[in-house]
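Protein chains in written order, with our numbering: chain P, 125 to 283; chain D, 247 to 1137.
Hints are computed from structural coordinates only; laboratory data are not their basis.
Computed from a predicted model, the values in this text were never measured in an experiment.
All clues stand as given, with none of them false.
Derived SDA-like pairs (lysine to any residue); straight-line CA-CA distance at most 25 Å:
| hint | chain 1 | residue 1 | chain 2 | residue 2 |
| --- | --- | --- | --- | --- |
| 1 | D | Lys-431 | P | Thr-237 |
| 2 | D | Lys-431 | P | His-177 |
| 3 | D | Lys-715 | D | Phe-702 |
| 4 | D | Lys-1014 | D | Ile-714 |
| 5 | D | Lys-549 | D | Lys-872 |
| 6 | D | Lys-663 | D | Tyr-1024 |
| 7 | P | Lys-184 | D | Arg-386 |
| 8 | D | Lys-650 | P | Thr-143 |
| 9 | D | Lys-431 | P | Tyr-192 |
| 10 | D | Lys-376 | P | Leu-233 |
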Amino acid sequence: MKEHISKQDLHLFEENILTKYRKNDSPLMQVLQESQNLYGCVPIEVQEVIGKHFRISPAKINGVVSFYSMFTLEPNGKNTVGVCLGTACYVKGGERLLDRVSERLEINLGETTKDGMFTLAPTRCVGACSSAPVIMVNDNIHGKVTSDDIPNIIEQYNK
Amino acid sequence: MTNIKIKINNQTIETDSSKTILQAAKDNGIIIPTFCNDDRLDPEASCRVCVVEIEGQKKLQTSCSTKVQDGMSISTNSDKVKKSRNEVIELMWSSHPNDCVVCDANEDCKLQDYMYQFDIKSENKYDGFKRTFETDKSNRFFYIEPDKCILCGKCVRICSELQGVEALGFNQRGHESFISFAYDKGMDFSNCVSCGNCVSNCPTGALMEKSKTKFRMHKTTKTRTTCPYCGVGCQFDIVSQDNKIVKIEPLNKLPNEGLLCVKGKFAYKYVNHKDRLTTPLIKENGAFREASWEEAYTLIHKKLTHYHNEFGKNSIAGLASAKCTNEENYLFQKFIRKYLLTNNVDHCARLCHASTVSGLATTLGSGAMTNSIAEVKNNEVIFVTGTNTTETHPVIGSFMRQAKKNGAKIIVAEPRKIDLAYDADVFIQIEPGTNVALFNAMMKVIYDEELYDQSFIEKRTENFEAFIKVIKDVDINENAEICGCNVKDIQEAARLYATHTSGIYYAMGVTQHSNGTNHVKSIANLALMTGNVGKKNAGINPLRGQNNVQGACDMGALPNNLPGYQKVYDETVRAKFEKAWDVPIDKNVGLQLPLIVNGAFSGTIKAMYIMGENPIVSDPDITHVKEAFNKVDFLVVQDIFMTETAMFADVILPASTYAEKDGTFTNTERRVQRVRKAIEPIGNSKPDGVIIQELMQKFDPNYTIKTAKEIMDEIAELTPIYQGIDYDRIDETGLQWPVKDKQHMGTEFLYPEEFGRGKGYFTPINYKGAAEKPDAEYPFILTTGRILYHFHTITMTGKNEEIMEMYPENFIEINPISAKKLNLKQDDYVVVSSRRGDTTAKVHVSKDIGEKVIFMPFHFADGANMVTNTVLDEVCKIPELKVCAVAIAKV
Chain P
125 MKEHISKQDL
135 HLFEENILTK
145 YRKNDSPLMQ
155 VLQESQNLYG
165 CVPIEVQEVI
175 GKHFRISPAK
185 INGVVSFYSM
195 FTLEPNGKNT
205 VGVCLGTACY
215 VKGGERLLDR
225 VSERLEINLG
235 ETTKDGMFTL
245 APTRCVGACS
255 SAPVIMVNDN
265 IHGKVTSDDI
275 PNIIEQYNK
Chain D
247 MTNIKIKINN
257 QTIETDSSKT
267 ILQAAKDNGI
277 IIPTFCNDDR
287 LDPEASCRVC
297 VVEIEGQKKL
307 QTSCSTKVQD
317 GMSISTNSDK
327 VKKSRNEVIE
337 LMWSSHPNDC
347 VVCDANEDCK
357 LQDYMYQFDI
367 KSENKYDGFK
377 RTFETDKSNR
387 FFYIEPDKCI
397 LCGKCVRICS
407 ELQGVEALGF
417 NQRGHESFIS
427 FAYDKGMDFS
437 NCVSCGNCVS
447 NCPTGALMEK
457 SKTKFRMHKT
467 TKTRTTCPYC
477 GVGCQFDIVS
487 QDNKIVKIEP
497 LNKLPNEGLL
507 CVKGKFAYKY
517 VNHKDRLTTP
527 LIKENGAFRE
537 ASWEEAYTLI
547 HKKLTHYHNE
557 FGKNSIAGLA
567 SAKCTNEENY
577 LFQKFIRKYL
587 LTNNVDHCAR
597 LCHASTVSGL
607 ATTLGSGAMT
617 NSIAEVKNNE
627 VIFVTGTNTT
637 ETHPVIGSFM
647 RQAKKNGAKI
657 IVAEPRKIDL
667 AYDADVFIQI
677 EPGTNVALFN
687 AMMKVIYDEE
697 LYDQSFIEKR
707 TENFEAFIKV
717 IKDVDINENA
727 EICGCNVKDI
737 QEAARLYATH
747 TSGIYYAMGV
757 TQHSNGTNHV
767 KSIANLALMT
777 GNVGKKNAGI
787 NPLRGQNNVQ
797 GACDMGALPN
807 NLPGYQKVYD
817 ETVRAKFEKA
827 WDVPIDKNVG
837 LQLPLIVNGA
847 FSGTIKAMYI
857 MGENPIVSDP
867 DITHVKEAFN
877 KVDFLVVQDI
887 FMTETAMFAD
897 VILPASTYAE
907 KDGTFTNTER
917 RVQRVRKAIE
927 PIGNSKPDGV
937 IIQELMQKFD
947 PNYTIKTAKE
957 IMDEIAELTP
967 IYQGIDYDRI
977 DETGLQWPVK
987 DKQHMGTEFL
997 YPEEFGRGKG
1007 YFTPINYKGA
1017 AEKPDAEYPF
1027 ILTTGRILYH
1037 FHTITMTGKN
1047 EEIMEMYPEN
1057 FIEINPISAK
1067 KLNLKQDDYV
1077 VVSSRRGDTT
1087 AKVHVSKDIG
1097 EKVIFMPFHF
1107 ADGANMVTNT
1117 VLDEVCKIPE
1127 LKVCAVAIAK
1137 V
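This is chain D alone, in the form it adopts within the complex (with noise of 0.2 Å):
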């Protein structure tokens, strides 16, 4: 890369040898038009509109794939290019459809606009073979018609080399060529995952979004906001009209760089939903009454007041939400912490990473991902175990497959033979909850073959003697055996691992067992084994499941933290917060999740307020949770629609969703993004910040509502690791805690120079099993998950009919051998039963699933949590969702 000057259009450009004529072009403000370029993509001069004249050159050269020289003289307007753009224009225009006056993608097509800019006559010119084709209507959330096609090929480079999906090629050549899933026989035959990259990159009309609402673009607001659904974080444009979203647009930034999956794109339909709550109710006589919100808001003091006076302080608990803004949750647990005086303050993340919080900030120092999503585009070796990554974290799914692209290995650990399974070097189906057993033998491995790195340990980490012992009396073929997979892959594992820069992904494969926390240290003793921490391209990654479960916790709604991880228990920080909040906080650490349903149950919860939350959905041993709920004297449900949990509140707050707010979400790479207001609340609904405030104010009158910028301000006051964060500086790309000022740009990733505690401490871990194991009653064990177009307790994602068409009910896998024992076949309906209970399923016979195993995903009411284990992990209380011993009757 060198400087050198170059001229367009007789200006005179500095630019680097690097780049491209369109993109030095691009730099100093010449667009020079284009079809078929994508910044992301290497260029495929398939197009020919980006012609431009070099002098002393005869031929023209396309500007997407001539790199600048020194001294070039460049002309992007000269005749011969103004002729031979137009001609290759018009020859598009000839073949297509006349109809933009009624085309979906008007005022929002490139050929319309290149016509109008260059001036071309929409007559044709050329009056010649006009291609014709059925429109392909078979994927739910969009179609192709090739009429519109122009073939520049982005969809199908952007399916292929972006997406890593390859669902879309082209079909025949010449005049008959067009753009279609394998064999043009519909999206049900193919790959497609519905992520809509294509819909978003077609320059014309020919993937258009099957949209349900007509509008024009001309009259819609663009607001760029965060992603409601998975911890990624991805950034786009929410396009409404007249209150109403119409579309979703991806934006090329950190941390997704254009690309989306079908939830993001495609599953906004629940904001406007017609069912979305849009007056506050109260229950009475078992049925809900609509009331105003100062009604709501008198009988919430009333009663909270109450049991707090007659009961004590910890008879109430509040239930934040992973949904909800960093500003919300902080407002929760302030609330709940100022005003009830409690530390009975708890989310959903007890349910997915509490053994990440636990393990990694007893041995690193904090519980999130140390590096960043960008950096796994160039890890040299991917470790995925207990993440379905490409149907849970999608875009983090196609950045691994990228990496592979530029010649990654990948290392895969799971029950499944998830899809990531089939681009994997290595494959090592492991029993359910068997984890701890494959890393102690692969660390065997390292050890043995001495691929540990020694001075990293020396350094950096304490207590590997003690640790160490426990790994040189592993048996790796005893091991094997307990994870149900061969020596020979976990060897393979361990080199590959050890001898490259590499980085763990997990998720909630790892942390939802009994021994969860032990599990998360094992995944620490094995990185910092081999120094695979502390720098760039590698790390311990915990993928966050919600949009904004990182934030929560770093907020503080959390029984034992305040925001920021600052313990209770620590007196100089009850001393920061006394003296801000004007209180006194309590020392002790208040009920976890669990601890707080049990206390429902057994009578010492009188009153739970529940912020955008799902317990009924989500928890475990539903039969008990919902047996607990309604032994609860009082409880307040706020959300956005009536959710199998409202049914039971006493009093249903209606919420506003994202797309109606101002804040922040914190994704999994601890990005703090901001999240932007792009249409009014619906009905008569409030933003969650908004309703805690009101709220205050009945406790103390002299209150004053602040705004989400302001609330973030107080939080950045008093919180280490979010001081340097304001809306300004957030305000183009969110900064990764910790922002250690307002000057510190983030941490990209953590521990370059020493681990949060100081030193990496390796914990002596012995496998120890599931609590619950097949048995002639129960042989099958389940272990559940999520499946790519829904999301968790699917409140969101159950609003949009496309999802609902194709996922509707609750199913389970199951091996082809287990079903035949069982003369099960597709679509039969079972029972699968445990010793909390029972539920229904459809069949879905599958190769990808070992014989001993069966999956079921948890999104569904009534479904999956019916049977699962509600035993606690010792030390972070997170239930063991992840295995459960069950039996299988048709019905």
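Same shape as in the complex, but just chain P (with noise of 0.2 Å):
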């Protein structure tokens, strides 16, 4: 799923938004947090009027996107799943949960499905280490999980 901004929203971006910026010293990170709250993403089109209008290097934007999870070139899905890769989920076995939690939604980490219901995002330590192994889903922790748990914990989300 691609969300295809028009050419005329592209321009009210640049009007709207990246103009307010433009006597910040450093502007890159508040705009490209606009814009993914806006779209939920920063495609590569907002990158380049980013890039246009700030004179910054498409290189150096396209570095900072994709640093920082927290941008994405594509909208994240209806929900967010994530399995916890922290120590104690690690040492409890996150990793083969999380490969299972792929093969289920038949995706891999980083991507969204097809119908657009769920992202697998890569997730580190949410705090909850008590309840390892843990899976997150949205704002919603699911502990102590096994592989048998997860067609349910999916299953919730799925509507």
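Make one complex out of these two single chains by using the hints.
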């Protein structure tokens, strides 16, 4: 699922949003966040508009966007699923859980299902180590998860 | 900066406090390993290999980013240092492919060197996750193999900070990080200019040239020489194996400071190209047959003597070459003047900077860049007009961008929105040929707002009164309308230029006009009025196009000048050369290039000798030039390839390239630099200087052949501006003329005290437009120019497959609005026609060009010059190549 942003929208983005940051010395992070909030992502066409507007090279913007996991090139799905790979969860088999979720959703880490329902997001420690291993869906934590729980957890959100 | 004492490995060292530990150590022969450090960049301390132990400090410090302090005691090799350093290298190695034996970077890889130097085992200590990436082969000249990247980031920083492009960047983070073009979408979606400066500086095999030749570094030889392309005169090493150039490595020396462009770095394949001319050829019954050198020389001698005796000395003309060395150009004009007794010698400088030579000689004293390339970086204001610097003189273009990063302001006045215009503080899109209207309007602003330098004008110049009378009458609004720009931009440009230390950089956009001399004089007015000449980081800087066009002019390959701009009509000058050469020298000025072509057309020129020039592509109105060449009775062409011009020859002599000869080139900043032989002449070809001298022997059996070094000694004796030049003195760094004697260190910038002619001369100049204006029949203005990847008539660049894949054919750039009106789409073909002729070109639609104007490169045979105008500047005879009226029709 790729959001198409029309030329007119891009123009409005430049007019209404980018111009706000004109006097800012290093506006990049803020305008990227604006895009992420507005479109749910920072697609290449938006990066290009930002680059031209502020005279920042595409390579540099791409570097920042790809560095931070809070920025995505494509919009996330309706639900964000994260399998914690923090130390405690990892020791408790988090990686195997991740493989199962990935199989179940038929997507790799960082990808979104075709129907736009789920995004499998890279996840580090969520601070619920006592319940390890943990799966987080949106803002909900599911603790002490076993492989067999996975279909149920996912089904809860698949509507 | 204070002198201090430190200890490194118990050795006491005197250094100064501005240095880093790494630099201070290096100055004293102690080499600390490093991947990410480069003297030209600010330290980044990312590779962590240069760590040292400082007495009294618990933590190890990176020597590249730590400044020395008085009394510091440093160890570069303590156990702690060794452990840390080796650990870092082992970690790099643990995710690096173990394929050195087949890697292109084998023997030229710092990782390999340090592993060996520090006894690190090749079996992996860490059995972790290995990164695997796709190799990015999207650039035609090099590939990116991120598996081999150690992420030192040097390429990214060089691309951004030195080259000023920022095509490369980091992608992702942590273990997944890799270097790529933006969005990892390849070169075509980036602004990469293929300069290869990333490749030259990659410490491993992550960025590698796509070599067509297999070679091993230990079998190669390196020869330092000067780049044969543009006038910047970049210094590099030719790396060769088995008489073949296998790669080019830039040198961190003046003037290029380690940078090169795509042509210098990658377009060397013409040297060993299969189509090189390798034997003399004689035309018989319309076809060429192979001949011996002896037979060719005998025929040339016989024929030239015949025309000389039968039709007089002025029935013969010679064209020297801005691609050949100083020594060869000196010999060529000596041959024409001494053995054929005529001043009919000229070369392609007539087509590029003749107006500079004539315009600056009369106002300042000599027609060359007043200031140096290195000064560009420290200019406060850079005024670029009539030059697309990042494409035509790429390294100077990069320095302009470095200046911008240092806070300089850039003014660009151009018919096209060139790349630099995007960096400009003021961009004025002028119509081609309206430069004088712009300069006059700027000077009017400067006058009205009293921004001129009164004391400079009083002390250093003359004729200000007559000049300012013309300026007082200038109507800024009217001139802005002529230029097609707005008044505000003119005012802003004028204020910026006048109130800072400003340098003007210009090229053919200013000179190639039917009033080119006046354009140049107008630039001189502007600089004189504001005192922006005769001082550092300013000046009037004509950017010379060819590697040695400055030198060919210096050497007297001009019909009015003997070497060093000494005039043929000056009796004392003639007396000096007559004594040295033992012949009478004609006191009459010879024919300029366009008049030689006209002479051939009308039948007064019977025989021509052309060394390394290609007028059948480079001269205006090709139909006329071809007819003229058909009419010449006897034509000798000396070249490295069968050029379009060589096809017309009666005798072709195979010459050697720059890589096969010794000599000197003089770059655009007047620096005389060595050219050194790296490989033996290809086939039966010979260096141009040898050919000319062997031919001289036919005319004079007593003539003994001299080496290039000996010829430079002869030049120095006869040429005051070259008096202090000899090969020993310019071995390491070239000297900038005038070099007054064997002790003089050359001249960084001209005229600090007084001008060459004494006082700077103001010339009153009224705007007069181009000779041909668009009309109903020919509604567009055609302007010509160069592109980054090609050079002049593409005799050399056209032999590089990668370049021909990118730019195989003639094209026009046209504004989208004009294209729409004519119903043209990208990649359509059109016929562009003028009153002289027509040519076919592909359509490139571009917003960077105005609606009334189209642009066409002049590189391609039967291309732009089929339509260009032959009208000449009255003074210097430069043709108006930059402006003509054309019509466009879809094919």
